[in-house]
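Student: Spelled out from the first residue to the last, the chains are:
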Amino acid sequence: MHELSIAESILKGIRTELLRYPGARPTKVGVRIGELAAVDVDSLTFCFEAVLKGTEWESLQLDARVCKQVRSCADCGAEFEVVDYNAECPKCASSNTTLKSGDELDFDYLEVDTDGTPAAQV
Amino acid sequence: MERLPLKSKVLNENQIIAEQLRESYREHGILCLNLISSPGSGKTALLERTLASLDPATRVCVLTGDIQTDNDARRLAQYGFPVQQITTGGTCHLDGRMIERHLAEWNLDDIDLLFIENVGNLVCPSSYDLGEASKIVLLSVTEGDDKPLKYPSIFFKSDLFLLTKIDLLPYVPFSAEQVEENARKVHPGMEILRTSSTTEGGLEAWLTWLKQRMKLAQQGALAAAGK
Numbered sequence: 000m001h002e003l004s005i006a007e008s009i010l011k012g013i014r015t016e017l018l019r020y021p022g023a024r025p026t027k028v029g030v031r032i033g034e035l036a037a038v039d040v041d042s043l044t045f046c047f048e049a050v051l052k053g054t055e056w057e058s059l060q061l062d063a064r065v066c067k068q069v070r071s072c073a074d075c076g077a078e079f080e081v082v083d084y085n086a087e088c089p090k091c092a093s094s095n096t097t098l099k100s101g102d103e104l105d106f107d108y109l110e111v112d113t114d115g116t117p118a119a120q121v
Numbered sequence: 000m001e002r003l004p005l006k007s008k009v010l011n012e013n014q015i016i017a018e019q020l021r022e023s024y025r026e027h028g029i030l031c032l033n034l035i036s037s038p039g040s041g042k043t044a045l046l047e048r049t050l051a052s053l054d055p056a057t058r059v060c061v062l063t064g065d066i067q068t069d070n071d072a073r074r075l076a077q078y079g080f081p082v083q084q085i086t087t088g089g090t091c092h093l094d095g096r097m098i099e100r101h102l103a104e105w106n107l108d109d110i111d112l113l114f115i116e117n118v119g120n121l122v123c124p125s126s127y128d129l130g131e132a133s134k135i136v137l138l139s140v141t142e143g144d145d146k147p148l149k150y151p152s153i154f155f156k157s158d159l160f161l162l163t164k165i166d167l168l169p170y171v172p173f174s175a176e177q178v179e180e181n182a183r184k185v186h187p188g189m190e191i192l193r194t195s196s197t198t199e200g201g202l203e204a205w206l207t208w209l210k211q212r213m214k215l216a217q218q219g220a221l222a223a224a225g226k
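Protein chains in written order, with numbering that gives the first Met the number 0: chain H, 0 to 121; chain E, 0 to 226.
For the record, the hints were derived by calculation from the structure and aren't laboratory data.
Keep in mind that a hint or two might mislead.
[Claimed, not checked] A short, non-exhaustive set of chain E residues, derived as facing chain H with CB atoms under 7 angstroms:
1. GLU1
2. PRO4
3. TYR78
4. PHE80
5. HIS92
6. ARG96
7. PRO187
Yeah, the Cβ is synthetic: ideal placement off N, Cα and C, and Gly gets one too.
Make the full structure from the sequences, and use the hints.
Tutor: So this is what it looks like as structure tokens:
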């Protein structure tokens, strides 16, 4: 259940980001979660709603996108999406492959309401 | 409504601390290892055997994490090396700040090897970088040989897999070959050692691995100092 800690980190990250955009109200936050990040999206969504309770941002939405593991093969150069955590290259069967993406836990975007005026960056 | 692109990591704050810790381990030539497993896989038992077998001149320190009790710290303190218990009070993993706070109690110049025994949990600790040189995952033969496929993240992120309690293999329906194959499916080329803290099987290979890594950490610090 580290999803609660992660939900709190997302909220903290939004607060930090908004320091640069005074007056902007966040409506939706996008995060990218690699399938190797060991984060459960349902649990994170539940925890995110829980940490928002009682704050000024109760309606803030979380858009958590799960990203498949992508590896590249050092022998034949193929780049492939991993199925069932099998890291072997589907083209040449080499196990000499390295991870390109799929372990990330990154912010993607923040949607803000600015009452018609563009978000001012300070 | 406006969409602002973001680039930072969600656990950015922990990452910054982890990088500072990594830099200070490197500066002081400390090998830091983060031991992760389910509760009861034998992290503490392995550390007991390890501490008992190491040359007393080796400057080892242990940080051991649990949700409650200081049982592990008391078990490990018997071997004469400095040990601190980190009691998380409910949190299922250790984070960089907890390590930073406890390390402040010690002089880093006096440490060659730092073991971090994480909270027993095969999932959450894998998300938190503690600045370690390597994560080490332990799995015992009583847990099921499909676990690397069920918990791929930690097997992917660990440099070494210690298959523990191998003395129990004759009594359980567990295939050591299968678990190793599954681990290498998730993590091609993964280093794996079979150990038993009861019979001391495989302990020699583990100590050799440890000594090689300590040497590398010290060489790294010397190289950095010579720059």
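Student: Each hint needs a verdict: does it hold in this structure or not?
Tutor: Results of checking the hints against the structure:
Satisfaction of the interface hint for E/GLU1 is found here, the shortest Cβ-Cβ separation to chain H being roughly 5 angstroms, below the 7 angstroms cut-off. Interface restraint check: E/PRO4 against chain H, minimum CB-CB distance 5 angstroms, threshold 7 angstroms, status holds. Contact between E/TYR78 and chain H, as hinted, is not supported at the beta carbon level, the nearest pair being about 31 angstroms apart and thus beyond 7 angstroms. At about 29 angstroms, the closest approach between the beta carbon of E/PHE80 and any beta carbon in chain H exceeds 7 angstroms, and the interface hint on this residue is violated.
Below 7 angstroms, beta-carbon pairs count as interface contacts, and E/HIS92 has one with chain H at about 5 angstroms; its hint therefore holds. Interface restraint check: E/ARG96 against chain H, minimum CB-CB distance 11 angstroms, threshold 7 angstroms, status violated. Residue-level restraint check for E/PRO187 holds (minimum Cβ-Cβ distance to chain H is 4 angstroms; threshold 7 angstroms).
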